[in-house]
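Residue numbers (the numbering used here), protein chains in the order written: chain A, 2 to 360; chain B, 41 to 307.
One or more of the hints may lead you astray.
Stated by the list, open to error - Below, computed lysine to any residue pairings styled on SDA-like, alpha-carbon distance capped at 20 Å: (1) K111/B / D53/B; (2) K262/A / M125/B; (3) K262/A / P108/B; (4) K111/B / P330/A.
Unchecked claim - Under 7 Å between C-beta atoms, here's a sample of chain B residues computed to sit facing chain A: (5) D90; (6) T107; (7) P109; (8) V131; (9) I140; (10) G165.
In case anyone wonders, no lab produced these hints; they're calculated from the structure.
Backbone N, C-alpha and C fix where the C-beta goes; we use that ideal spot for every residue, glycine too.
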Amino acid sequence: MAVADHIMPAATQTQGDRAPLARRLFWALSVLLAGISLFSLTYGASDTSLLAALGDWVQGRELSLRDRVVLFDIRMPRLVMGVLVGAGLAVSGAVLQGLFRNPLADPALIGVSSGASLGAICAIVLGGYLPARMADFLGYYTVPAAAFIGAWAATMVLYRVSTRRGRTSVATMLLAGIALGAMTNAMAGMLIFIADDAQLRDLTFWSLGSLGGATWSKVFAAGPMIVLLLLAAPLLSTGLNGLALGEAAAGHLGIPVQRVKNLSILGVAALTGAAVAISGGIGFVGIVVPHLLRLVIGPDHRFLLPNAALLGASLLLLADVISRTMVAPAELPIGIITAVIGAPFFLWILLRRRGILDM
Amino acid sequence: MLIAKDIGVRLGDNQVLRDLTFTARPGELTAIVGPNGSGKTTLLRALTGDVEFDGAISLSRHDIRTTPPWKLAATRGVLPQSTPMAFPFTVLEVVRLGLIAGIGADRAALPHRALAAVDLAGFEGRFYQELSGGEQQRVQLARVLCQIWEPVVAGEPRWLFLDEPVASLDIGHQLTVMQLAHDYAKAGGGVVAVMHDLNLTAMFADSVALIHNGALVRQDTPAKVFNDHDLSVAYGCALRVNETPVFDSTFLLPHTASTGPGPAHRP
Ligand SMILES: Nc1ncnc2c1ncn2[C@@H]1O[C@H](COP(=O)(O)OP(=O)(O)OP(=O)(O)O)[C@@H](O)[C@H]1O
Ligand SMILES: [Mg+2]
Chain A
2 MAVADHIMPA ATQTQGDRAP LARRLFWALS VLLAGISLFS LTYGASDTSL LAALGDWVQG
62 RELSLRDRVV LFDIRMPRLV MGVLVGAGLA VSGAVLQGLF RNPLADPALI GVSSGASLGA
122 ICAIVLGGYL PARMADFLGY YTVPAAAFIG AWAATMVLYR VSTRRGRTSV ATMLLAGIAL
182 GAMTNAMAGM LIFIADDAQL RDLTFWSLGS LGGATWSKVF AAGPMIVLLL LAAPLLSTGL
242 NGLALGEAAA GHLGIPVQRV KNLSILGVAA LTGAAVAISG GIGFVGIVVP HLLRLVIGPD
302 HRFLLPNAAL LGASLLLLAD VISRTMVAPA ELPIGIITAV IGAPFFLWIL LRRRGILDM
Chain B
41 MLIAKDIGVR LGDNQVLRDL TFTARPGELT AIVGPNGSGK TTLLRALTGD VEFDGAISLS
101 RHDIRTTPPW KLAATRGVLP QSTPMAFPFT VLEVVRLGLI AGIGADRAAL PHRALAAVDL
161 AGFEGRFYQE LSGGEQQRVQ LARVLCQIWE PVVAGEPRWL FLDEPVASLD IGHQLTVMQL
221 AHDYAKAGGG VVAVMHDLNL TAMFADSVAL IHNGALVRQD TPAKVFNDHD LSVAYGCALR
281 VNETPVFDST FLLPHTASTG PGPAHRP
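Produce the entire structure from the sequences given, and follow the hints as far as they go.
Given below as structure tokens:
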């Protein structure tokens, strides 16, 4: 890690206090995210350019209808969705890892995302059977709500299975995640069997994850929930920091352990559920981003969570630009890009820290 | 004052503690000794509210079952037997975790003073996971000290609960840590420590509780508890206690021990 190697000596010079570095990184990542956002608005399959459009606007010229559509109805919602999903997945990964006291916990890897997908698929395929009044009431929120319930159930099962007396076994967690993933996939398969053609098209993108279907209505369905949770997540920081010592020691520090655990599970389920509801199961963002950050600024969640939101959003936007342009005018599902980058990264963590599985 | 009355603890099918009564006074270092598996750690976990127990435990007149965690955290710190950590924290970051509960003044300087107190000044920038077992244990002690730095706050004593604080330390640091615990008590705080080293216990403890098979054999001053008969019964080997000619305390040597049953047979 060139970046980490470069910054580490500075961290040791300040005698183990990485807080100033974390604060500087926050501003640097903010600038990075702003830059990538502008780039992503400018760059795409069509030749519409944000800069040209801005120039037109300054000179008082009308934007052409085509440019308006490309900018405001295609690229803008996609940008907002990418930011929301990237930040949401990275933060829920960081919280999940804090909760399980393990850097290998990733929502997609241990079945939380599969649970969310199953919930979403249920909502799409079986939504027609909902009582009309309930469907009206839930409206846009039917799919995110179902995804949340699926993610919550999966997280609960995982936590119950893999935690004994306040210690979480990673091996059990990963294995339980595999079993859970297999089960939800099988159930999703059965549902897909009874789905009609229109539903099938909706469903295909769950398997890989994509920002391709971005619309303002999707953004409004999941956006408020994600923004709210991202703003609330730092409230868990102190609790998660204490949990790093183990549950008993966290309790001795006065942390309401059970409440922190419950809120973390709910928060992760809601964040993952909302992200999966609009973008499918995009993997590895939740594991790569927090791990990279821990190398540089350390595991303190007060700094890890905000930085993870920024870096997660930036990296997902970058992956999106790649996915849109690599095989243009067609596009690759973004889940393929994140997996191609993320899977070797995961192996690299395992190689460096084999001992992790024995904890 | 810490008062534990008629404590019983079941773990699974195992009745680990039976009708055990234990007290500790502020201003004193109270040691808990006994053979492996006798229930020392379990007693300490009951005293800190980590396991369900029968009977009653009160700390400074507060029932520990009904006192909220944040309130307990302001008055007592707990050092576990060992503390593995999952993430790459630096030593300074670990010690600062103690400040989560802290109400002490001068929070910025406290971690450095605590590290100096356990003889780890200059270790701030090292990674916790890259320290030796004994160093890790001292870092955790510094973290606990950070939590309850002043032994007395607003006239109320604060408490240190230590599970084998010197077990993984060399003899020099054993003395450092025992002296630190002793000074904490002399300054008005209360200290409860699970101990294996009977000589250090005799040197530093004001009161000793000897535990055997989950029951209290006797709690009194080291001079009274450390007698040939009680120790031999509890530890299952013949032990001879001697008076040191120089210091006014007791010591015993493994040289004088032989394996096999003591003077009386184990119950
Ligand atoms: N979770 C558990 N379930 C059942 N029995 C347990 C459990 N934990 C401990 N025990 C048993 O309780 C007894 C007391 O254990 P404890 O850890 O208190 O011993 P100890 O005095 O601290 O020993 P050591 O000197 O080895 O640290 C032992 O016989 C142990 O086997
Ligand atoms: Mg023990």
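Structure-based check of all given hints:
| no. | hint | in the structure |
| --- | --- | --- |
| 1 | K111/B / D53/B | 32 Å, violated |
| 2 | K262/A / M125/B | 18 Å, holds |
| 3 | K262/A / P108/B | 17 Å, holds |
| 4 | K111/B / P330/A | 63 Å, violated |
| 5 | D90 | 5 Å, holds |
| 6 | T107 | 11 Å, violated |
| 7 | P109 | 5 Å, holds |
| 8 | V131 | 6 Å, holds |
| 9 | I140 | 5 Å, holds |
| 10 | G165 | 4 Å, holds |
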